[in-house]
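Engineer: All chains should be built: construct the whole structure from the sequences, respecting the hints.
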Amino acid sequence: MSTHSICVFCGSRPGQDPAFMNDATAFGTALAQKGWRLVYGAGDVGLMGAVARAAQKAGGETFGVMPDNLFDREIGKTDLTHYVVTETMHERKKVMFMNCDAVVVMPGGAGSLDEFFEVLTWRQIGLHEKPIFLLNTKGYWDKLIQLIDHVIEQNFADSSLRGFAQIEGTVEGLVKGLHEALK
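The opening residue of the sequence shown carries number -17 in the numbering used here; numbering runs sequentially from there.
No lab work stands behind these hints: they were computed from the structure.
We put the CB at the ideal spot given by N, CA and C, even for glycine.
Some clues are possibly wrong.
[Stated by the list, open to error] Label pairs and their calculated CB-CB ranges:
no.	residue 1	residue 2	range
1	41	80	19 to 29 Å
2	154	51	30 to 40 Å
3	81	41	13 to 23 Å
4	60	107	34 to 44 Å
5	135	65	38 to 48 Å
6	0	108	16 to 26 Å
7	132	107	19 to 29 Å
8	96	138	12 to 22 Å
9	141	163	25 to 35 Å
10	107	27	28 to 38 Å
[Unchecked claim] Taking lysine-lysine pairs in the BS3-like style, the calculated list, with each CA pair at most 25 Å apart, reads:
no.	residue 1	residue 2
11	39	158
12	39	16
13	125	112
Structural biologist: Written as structure tokens, this is what we have:
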């Protein structure tokens, strides 16, 4: 049994830069090596698939959550340690979040942004204190970080919002940050 469960939100596409897939593979491997369980969207495509395949290859435990309507699009990966089917995307996010100790957001698109902002908002309003990490591979999230700073500067959020997500530029930094946060 894993000591901690890490929810990973990330792209169902590989992205343009090979560094995204490389980091997804490296992080999946690191999760397994640390004995941490991967909690993710159960897809076998893009960064999602790369993280899961790497975790499995390294002997890690995997917990996937797939909404019924996305099974064909995201190629539901049913050979996981645990595989849960939900009715809606909202239910998927809730099940993933309730089954983790920390959240990692890797590069991704609108879905990853939705997932990030939901857990960030939940943190902002005091629903949880789980650590949230952004893996900022090659500066991918720089504009998102600038947007959050802008929201704070324009007084639409307290400055504490900036501290709710820890930004790491490398998989090594991410693993170290998770290790520290989960002590």
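Engineer: Where does the structure disagree with the numbered hints, that is, which hint numbers, in rising order?
Structural biologist: 6 and 9
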